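Please build the complete structure, drawing on both the sequences and the hints.
From first to last, the protein sequence lines are chains W and U.
Residues in the first sequence are numbered from 0 upward in steps of one, following numbering that gives the first Met the number 0.
Residues in the second sequence are numbered from 0 upward in steps of one, following numbering that gives the first Met the number 0.
It cannot be assumed that every hint is accurate.
As the list claims (entries may be wrong) - No more than 27 angstroms apart at the CA atoms, straight line, and that leaves these computed lysine-lysine pairs for BS3-like:
1. Lys-565/U x Lys-273/W
2. Lys-612/U x Lys-61/W
3. Lys-223/U x Lys-112/W
4. Lys-525/U x Lys-506/U
5. Lys-513/U x Lys-273/W
6. Lys-464/U x Lys-335/U
7. Lys-612/U x Lys-223/U
8. Lys-506/U x Lys-570/U
9. Lys-628/U x Lys-544/U
10. Lys-160/W x Lys-331/U
11. Lys-242/W x Lys-513/U
12. Lys-331/U x Lys-117/W
13. Lys-273/W x Lys-464/U
14. Lys-412/U x Lys-464/U
15. Lys-65/W x Lys-106/W
16. Lys-281/W x Lys-513/U
17. Lys-81/U x Lys-570/U
18. Lys-89/W x Lys-135/W
19. Lys-85/W x Lys-112/W
20. Lys-283/U x Lys-117/W
21. Lys-468/U x Lys-273/W
22. Lys-57/U x Lys-192/U
23. Lys-513/U x Lys-525/U
24. Lys-565/U x Lys-506/U
25. Lys-233/U x Lys-117/W
26. Lys-37/W x Lys-612/U
27. Lys-65/W x Lys-565/U
28. Lys-338/W x Lys-273/W
29. Lys-525/U x Lys-273/W
30. Lys-223/U x Lys-65/W
31. Lys-206/W x Lys-242/W
32. Lys-612/U x Lys-65/W
33. Lys-506/U x Lys-273/W
34. Lys-338/W x Lys-565/U
35. Lys-212/U x Lys-117/W
36. Lys-249/U x Lys-173/U
37. Lys-65/W x Lys-570/U
38. Lys-223/U x Lys-106/W
39. Lys-283/U x Lys-160/W
40. Lys-630/U x Lys-192/U
In case anyone wonders, no lab produced these hints; they're calculated from the structure.
These figures come from a predicted structure and were not determined experimentally.
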Amino acid sequence: MRKNLYLLLMFLAAFFTACDDTDKIVDPTEVPPSQTNKLMILCEGSFNGNNSTLAYYDLSTKNIDKDFFNTVNGRGLGDTANDILKYGSKIYIVVNVSGSIEVLDAKSGRSIKNIDMKTSTGESKQPRYAAAYGGKVYVTSYDDTVTRIDTATLAIDGSVKVGRDPDGICIKNNKIYVANSGGLDYATGIYDTTVSIIGLQNFTVEKTIEVGTNPYQVFADSEGDVYVTTRGNYDDIAPTFNKISPNYEVTAINNVQVSEFTIVNDKAYILYNKWGNPSTIKVLDCSTEKVVTENFVTDGTSISNGYKISADPYSGEVYVTTSDYFTFGNVFCFDKNGKFNFQLSSVGLNPNKVVFLN
Amino acid sequence: MKFYKKVSIVGIAMLWAGTNLAPQNVADSLHQLPEVVITEKYDDREIRSSAPLQILTKQTLQNLNVLQVSDAVKFFSGVNVKDYGGIGGLKTVSVRSLGAAHTSVSYNGIPLSDAQTGQIDIGKFSLDNVEALTLSLGQNDQIFMPARLFASTSALDIRTTLPSFENNRQFSGKASIKGGSFGLFNPSFYLAKQFSNRLAATVNGEWLSANGKYPYLLRYGNAKGDSTSWEERKNTDVQNLRLEGALFGKISEKSAADIRLYYYRSDRGLPGATIFYNTDGFSKQRLDENTFFVQAHYENTLSQLWSIQANAKYNRGYVHYLDPTYLGSEGKLENKYTQKEQYGSLAALFKAFQHLSFSASSDLTRQTLDANFYNFAYPTRLTWQSVVAAKYVSDRILATSSLLFTQTFESVKVGDPADNQNRWSPYISVSVKPFENHDLRLRAFYKNIFRMPTFNDLYYTAIGKRTLKPEDTDQFNLGATYSTSFGTIVPLLTFTADGFRNNVKNKIVAYPVKNVFEWSMMNYGKVEISGLDLSLETIVRFSEKIGLLAGSNFTYQKALNMTDPKSSAYKNQLPYTPRHSGGAHATLQTTLLDLSYSLLWSGIQYAGAQNVKQNEVSGYTDHSISISKEKKTRLGNMRLSVEALNIGNKNYEIVRYFPMPGRSFRGTLSIYF
Numbered sequence: 000m001r002k003n004l005y006l007l008l009m010f011l012a013a014f015f016t017a018c019d020d021t022d023k024i025v026d027p028t029e030v031p032p033s034q035t036n037k038l039m040i041l042c043e044g045s046f047n048g049n050n051s052t053l054a055y056y057d058l059s060t061k062n063i064d065k066d067f068f069n070t071v072n073g074r075g076l077g078d079t080a081n082d083i084l085k086y087g088s089k090i091y092i093v094v095n096v097s098g099s100i101e102v103l104d105a106k107s108g109r110s111i112k113n114i115d116m117k118t119s120t121g122e123s124k125q126p127r128y129a130a131a132y133g134g135k136v137y138v139t140s141y142d143d144t145v146t147r148i149d150t151a152t153l154a155i156d157g158s159v160k161v162g163r164d165p166d167g168i169c170i171k172n173n174k175i176y177v178a179n180s181g182g183l184d185y186a187t188g189i190y191d192t193t194v195s196i197i198g199l200q201n202f203t204v205e206k207t208i209e210v211g212t213n214p215y216q217v218f219a220d221s222e223g224d225v226y227v228t229t230r231g232n233y234d235d236i237a238p239t240f241n242k243i244s245p246n247y248e249v250t251a252i253n254n255v256q257v258s259e260f261t262i263v264n265d266k267a268y269i270l271y272n273k274w275g276n277p278s279t280i281k282v283l284d285c286s287t288e289k290v291v292t293e294n295f296v297t298d299g300t301s302i303s304n305g306y307k308i309s310a311d312p313y314s315g316e317v318y319v320t321t322s323d324y325f326t327f328g329n330v331f332c333f334d335k336n337g338k339f340n341f342q343l344s345s346v347g348l349n350p351n352k353v354v355f356l357n
Numbered sequence: 000m001k002f003y004k005k006v007s008i009v010g011i012a013m014l015w016a017g018t019n020l021a022p023q024n025v026a027d028s029l030h031q032l033p034e035v036v037i038t039e040k041y042d043d044r045e046i047r048s049s050a051p052l053q054i055l056t057k058q059t060l061q062n063l064n065v066l067q068v069s070d071a072v073k074f075f076s077g078v079n080v081k082d083y084g085g086i087g088g089l090k091t092v093s094v095r096s097l098g099a100a101h102t103s104v105s106y107n108g109i110p111l112s113d114a115q116t117g118q119i120d121i122g123k124f125s126l127d128n129v130e131a132l133t134l135s136l137g138q139n140d141q142i143f144m145p146a147r148l149f150a151s152t153s154a155l156d157i158r159t160t161l162p163s164f165e166n167n168r169q170f171s172g173k174a175s176i177k178g179g180s181f182g183l184f185n186p187s188f189y190l191a192k193q194f195s196n197r198l199a200a201t202v203n204g205e206w207l208s209a210n211g212k213y214p215y216l217l218r219y220g221n222a223k224g225d226s227t228s229w230e231e232r233k234n235t236d237v238q239n240l241r242l243e244g245a246l247f248g249k250i251s252e253k254s255a256a257d258i259r260l261y262y263y264r265s266d267r268g269l270p271g272a273t274i275f276y277n278t279d280g281f282s283k284q285r286l287d288e289n290t291f292f293v294q295a296h297y298e299n300t301l302s303q304l305w306s307i308q309a310n311a312k313y314n315r316g317y318v319h320y321l322d323p324t325y326l327g328s329e330g331k332l333e334n335k336y337t338q339k340e341q342y343g344s345l346a347a348l349f350k351a352f353q354h355l356s357f358s359a360s361s362d363l364t365r366q367t368l369d370a371n372f373y374n375f376a377y378p379t380r381l382t383w384q385s386v387v388a389a390k391y392v393s394d395r396i397l398a399t400s401s402l403l404f405t406q407t408f409e410s411v412k413v414g415d416p417a418d419n420q421n422r423w424s425p426y427i428s429v430s431v432k433p434f435e436n437h438d439l440r441l442r443a444f445y446k447n448i449f450r451m452p453t454f455n456d457l458y459y460t461a462i463g464k465r466t467l468k469p470e471d472t473d474q475f476n477l478g479a480t481y482s483t484s485f486g487t488i489v490p491l492l493t494f495t496a497d498g499f500r501n502n503v504k505n506k507i508v509a510y511p512v513k514n515v516f517e518w519s520m521m522n523y524g525k526v527e528i529s530g531l532d533l534s535l536e537t538i539v540r541f542s543e544k545i546g547l548l549a550g551s552n553f554t555y556q557k558a559l560n561m562t563d564p565k566s567s568a569y570k571n572q573l574p575y576t577p578r579h580s581g582g583a584h585a586t587l588q589t590t591l592l593d594l595s596y597s598l599l600w601s602g603i604q605y606a607g608a609q610n611v612k613q614n615e616v617s618g619y620t621d622h623s624i625s626i627s628k629e630k631k632t633r634l635g636n637m638r639l640s641v642e643a644l645n646i647g648n649k650n651y652e653i654v655r656y657f658p659m660p661g662r663s664f665r666g667t668l669s670i671y672f
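Below, the structure is given as structure tokens:
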């Protein structure tokens, strides 16, 4: 009898934990992080240079292939590869000027498909960033759209119009958050100031909220808060760093300067680079909303020309890329305590994001 | 981030070329000058010059299988033409790696201008009515010329045909039609009328259109097995119209004047780089422009000792750039620029002694720019240039020296103007013939000169910086020329060899200021250039009926980025500057027909700041041949030529991802009457 009650309680406990709020459901197709053995580093190349590259680094053998995509596929990635995303067993590379999304098998690096991202008149939609959820990959493009790609068929199965020149994208609370920069109107200084919120199921814009001039990146924490940076107008309007609560309330986070950031395991890793000064990395705890580390690097390693930042969700290691725009940039790896681990030199032109592979 | 840089690159390149030859005494032109005498005179000038001087005469130009001035100047040594491909592609010329903004381009003795970009697109100039192309490095030995011609590191002069009349006829002319691959259609006419022995007029018109749709092989990687695909160049059509008129007058026995009008209109597609997976859609940009100028020249030989000349010019240039696919909120990017220039110059020559003469010259130039940019500055620049020069000439020595003073006055309608600048720029050159019996000359020159920041450098949206200083250069040259002949079989054989060393300081480059989104023009670069220019020309007469004209040139140059010792680009060769390059041409003349061959070749160059394999652009060879025949007919002297260009059929690249057309053909029929 006691055994049956115990089983019933266990059953009930399991039942109740399974029925959490939709906020806490883990993406059914997402693979939990495991030990990283290999890295892929995307390098944007230069504008009109057709020289985006993908570097592949084996952490155990310490071998690097700086032109891995070409080695495996016998051709170049194209012009201005802007973002790279690992989802399931595939890697998605967003190539801005070429107007394509290259889908790779994560293990071999072989291209499974080159998805055309062109407008109705044949020009590049200028795709920018990608995020994935529920078997779909969503890509922002400067033709003011978010495109949905089905990961099984690798075909485009939807498109929705958002604000002007959307950049950053993240998915949380059953919604897609898109930062509309308006950056292509820099000559008049009339940037966009909004974040568009799209329902996952209906794939339509449900809400548009004001966050500040020239919004850039959006990342979510596990509680459903979405953090957004705005770049200002490079003149009298300064950049800002804000938090959007699940009920769409926008609060500014003061005294934190952000060039690039990423959120991994509820920690926001914030890179700030002012040309000519060493770059700094701050860490903000997303649950307490407080800066827990003013200077992540603990052993005095100096980083100049810090460009982008990535963090390994399994080990907590932090990777910072550097770029002076003219010469090949480096990648620095720091362990979770901020101590310099290793450096990859001259990886490519404008090394961008680091993807962690098993 | 990339789109910011894209728009800043859009500034159209037009070259500023300074003429090397001072305006000739117009009075001479109304007499006939047999061609052979002209040839000798030009060759003589090249050998005697105290600074490297290269001349391509009309006859040589006909044999080089070239269509535009930009194709012809590639045969000068020391020249690097940045060619974006096709007929309509942008072409700018840089001499000895100093940069296109340091080379002045002039038309019949008066500089063409572009205060906006500082560069002249020499692809716009046809060779149809060109008499000679002259390139002077440093400066010309002619000291009796406008002050502005003393003010650049090197000068390219385009000299057009002066009216000439045979056998006391009142009328002469030429009608020509050219056709060729990729839809080339190019008719032109030239008419000259002599009203009296004091007045003559010329009229010249030309139309050029082509669809430019050439096939090219796109390589998706540099490794041997990498994918390739055949594509067709799109949006590369061109429609150009040129109309010119001139009036030549002999006012008295000692004075003459001429006035020239020039109108040019061009409409072309800009095909853009060959972007992988987006070659068809990438560029739909259009560029149309029109240029009008009127220039006048007056010369008076007051006495045995004194001569004066005056020059004036008015120029208006309009450029309209359109990107109909720009994804900004207007759905397009459209830029309209109007530049205007007013120019006047006075010069005097004093032949003090038999061997020594002095000159003084003063020029005033006013340049304005209107653009449809948001919050544009609308700058006006007034430039005052004054120079005093001296020249010593004897059988064995030729020496020239000058001191130029430049003062600029800048004003704007919006915001702060750039600083006014002033500079003193010295020049000295000497050529010595050490042996009486040998035509060997040793020469050396030193020149210090600068170039002003362009209006784009100073005022372009977001990236322009008004506190920019000029770029300064120092040039040193040491060389030798030798000319000889071997009886009647080789009437001419000349060599020239020049070693040079140039420095550029405060080079204006675009650089990130705070972060990768915010760039600005800055005086940040430093370049050290050293090299060697070699050239050879010969005429061989196998018999009375068979002759050979041949020439070749070779340039070696090291142009190193000396800006930042901590950068991995330090001491790397500058982008788009091959270390080795050269050209050759040979024409076999027979009584039946002429056979010509020309070659252009280049060693590897780099498309980026670092000299690494990933940035490498392969070298190339471009071979062309042609056959031509002249025949006297009742209508006049008829000339027919057929050319095969780039017979190797390689879509080589000068600028990476801007392929050149492969093999193509061209035919020309001209009548001289």
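query: Which of the numbered hints above does this structure break?
result: The structure breaks none of the hints.
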